[in-house]
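Between the sequences and the hints, there should be enough to build the whole structure, so can you do that?
Protein sequence lines correspond, in order, to chains W and A. With my numbering applied, the first sequence covers 1451 to 1966. With my numbering applied, the second sequence covers 245 to 481.
Please note that the accuracy of each hint is not assured.
Some chain A residues near chain W, calculated using beta-carbon distances under 10 Å [what the hints assert, rightly or not]:
id	residue
1	Leu300
2	Pro329
3	His343
4	Ser390
By construction, these hints were calculated from the structure, which means they are not laboratory data. In this text, a Cβ means the ideal position worked out from N, Cα and C, and glycines have one as well.
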Amino acid sequence: MLHSRALPRTRQVWRDDAWSQLAALVRMRWLMVRTGKARRGFAALGLAFPGLCVAAVVGAPLVPRDRASDVILLVPTAYLAVAFLSVLAPLVAGGGTELFPADQLVAFPVSLRTQHLASLTQVPLNLAWVVQVVGVVGLTSYAADWSPYLPLALLVVVSYVAFVTVAGHALGWLVVGARLRAGGRQLTWLLAGVVLASVALVIATGRVGAVLDRSPTARLVSVVVSRGPIAVRRSVTAVVVLVALTVLAFLAGRAATAWALRRPGDAGGPLDASVHQRRAPRGGAAREGLAVDRASIWRSPSLRRGLLVLAALPGMVAAAAGLDWSALVLLPGLVSAGAGLLFGVNAFCLDGSGAVWLASLPGRPAVAFWVRARVVAETCLVAAAITVTAGSLRAGRWPTTAEASALLGCAVVASLRVVALCMELSIHRPHRADLRGPRDTPAPPGVMTAYSLRLAASTTLVGVVFSLCARSDQWGWSVLWALPLVLLATRRLVRAGAAWDDNHVRARVVATVAGG
Amino acid sequence: MTSTPALEVTGLTVRFGPVVAVDTVDLAVAAGGALALVGRNGAGKSTTLRVLAGVLPPTSGTVTTSGVDMVRDPSAGKRLVGYCPDVGGLIPRATPWEHLQLAATLRQLPGDWRLRAEELLDRFDLTAAADRVTAGFSHGMGRRLSVVLAAFHRPRVLLLDEPFDGVDPLGVDATLDLLRELRAEGAAVIVSTHQLDLVTQSCDEALVLRRGSVAAATSAADLAGSAGAARYRELLT
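And the structure:
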C-alpha cells in the first residue's frame, strides 16, 4: 500500500521557490540539447561572456593613451547606451524572454516569479547586451587605468549594469501589463509617439550632444575616474545606492510581471479573434504563397513588433549619432542580421502545423522554398533601406559614387548572405515554433544566441569590407568585392534549395515545424 | 462498388532510424469504398496516411493512386488526394478562406471554387469564422476545417486522420454526410480513428494495425457493438 507520505505534496515540491523552479527548467532545457557537440558549444558560449569581460578588463589599459581624453568623453554615452538597450530589449521581446514557450508549460505550476527570474537570467544570451556590457567594462578599465581604484570602478559599473538590466525588465513587464488594460494599446502607442517625436526633435535641432552631456551617467563616470580617498567613499556610496535600487527594481519587476501575466489576453486574444478582409486571388502559386507568408508575418505579434523596431530604431540611432557615409555602410549588414533573427533562421515555422497540409498539396517544392527565401530577403532589404534612409538624413551631403556603391553592395551582399544562411539553417536545423505568443522566438533561447553570433559575424565582416571600400575613391572596389561574395552566397542558397528538393529532408522539416 | 482499386499499397515500410513505424503493409481501397485504419497509439496509422498523402516518402513499397505512382510522381498523385492531417494541419495566422484560396490556386481549380468553398464552410458551420485566423480556433473547429480542406477539390482518394476527434455531434454528422457524398461520386476513403461506432458508420472495411503491421483485416460491421469492441481489444494485444 502506498504510504501517505511516499509522495510529496504539491505545495512542498512547488512551493514558491522561484530558484528551484528555475533550476528545474534550466535542467530540462539542457537535457533537450541532445548532442555532445551542441552541449560543448553552449558551454563555450556560456563561458564566453565572463571571458570577454576579463579580456576587456586586462586588455583595455594596454591601449595607447594618446587620445585618452576623447575616449573618456565617450564613456557616459556608452553607459547610457547600456541603459537604453536594457530598457529596449525587454520591450522588443514582449516583456522578457521565456525558457520554454508558454503553451509548453501550461500543465506545470510555474510561478510568475520564476518567469520573471528566468527572463532576467537569460539576459546574457542577448548578443547586443553582451557586446555593450563588454564595451563599458573595457572603457571603465581604460578610464581607471590600472590604478588601485580599478576594482572599485569595476564594482560600480557592474552594479550599474545590474540596476539598468533589472529596471529595464521591470519597465518592460509594466508596459506589457499596461497594454492589456482598456485603452492600454492606445496609451503605449501615444507614449511611444511622444518619445519618438522628442528624439526626432532633439536630432533635428542638433542638440544630441548637449542632451548627452547632461546624461546622469556623466556623474557615474566622475565616480569611476576619481582618485584618492574620496574615490573610495564615492564608489562605495554609488555601489550601495545602485544595489539598493537594483533590489527595488527587482521587486518592482516581480510585481509588474505578475500584474502583466495575470491579465487575460497576453497569449493572443485580439489577434486570434481578428477578422481579415478577403483579397483577390494573386494568380499563381508563388504569388499566392507570398501573400499568405506576408500575412503570417504581419499577424504575428512578436514578428510585427520586431519588424517595427527594426525599421525605426537603427535608423533613428544612426541619425542621432550623425554617422557619416562610410559608417552608415555598416548598418545594412547589422540590420539584415536582425531581420534574419525575426523568423528567417527557422523560416518554415511560419506554417506551423499547417506545414503537413501544405506538403500534401500539389506543386513544385522549389516554389515554396524560393517564396520563403524571398520573404526573408524582403524583410532584410526593407529594414536596411529604412535604416539607411533615416541615417542619411544627418549625413550632411550626398554620398560619393564610391560610398553609394559600397552602401548598395553591402545591402545586397549582407542580405543575400543572411538569406542563404537562414534558409540553410531552416532546412538543416528546424524547430517547432508557431510564433503565436507575444514572446515566442523561432528557436530556443541558446540556439538563438548561437544564430545571432553567426549572423552578426558574417554581416559585420561584410560591413567592414564595404566600409573600407566606401573610404576609397574608386566605386569599382565595391563591385569587385560584391561579385564573388554574391556568387558564394548564391551558391549556398542554391545548395539549400537543392536540399529542400529532397523528399526526406523536406519531410523532416515538415514533421519538426508541425509538431516536434 | 467497382473492383478496380482507386488506391493500392504494397509492401509499405517506413523506418525512422532503428524504429520501424510501418512494416510491409498492404492495402487496397476500391473507388467508392471506405477503409478504417484502427489500432493503438503509435501503431503506424498516421505514418501510413502521411505516406499515402505524399508528405512522407516510404522506405520501401509502392503506393498507387488511380494509376499514379505516389512515390515516383508525388505531385501528380497529390492532385488526386485530399488529406486531413492528425494534428492541426492549419497555417496559424491564415484564415479558412485564405487556406481555400491557396488550395484552389495550387490545385488549379476552376473559377467556381468559391461556390464549393462557401457551400462546404456552410455545411461545417464555419461561415462566420471564414475570415478569422485559425490560431484562435477551438480544436473541433480546426478538425472541421481540415476536413473541408481535404474534401474541397472532390478528391479521388480522401484520407482523414482522426477527423472526429473533439468534434461536436453536428460536426460529426456533417463529416459523415460528406463521406457518403464523396463515396457516391466514386472517391475512395480511408479514415483513421479510435471511435469504433464511427468506424461502422463511415467505413465498409477495417484494417487493424499493431506495431506497424497489419494485425487483421475485417469488415467494419464486425467491430460494431460490445462484441466488436471486445474482439477489437483482443486484436490490439
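Going down the list of hints, with the structure as the test:
1. Leu300: It holds, given that the least Cβ distance between A:Leu300 and chain W is near 5 Å, below 10 Å.
2. Pro329: holds, 4 Å
3. His343: holds, 8 Å
4. Ser390: At 7 Å from the nearest chain W Cβ, A:Ser390 passes the 10 Å test, so the hint holds.
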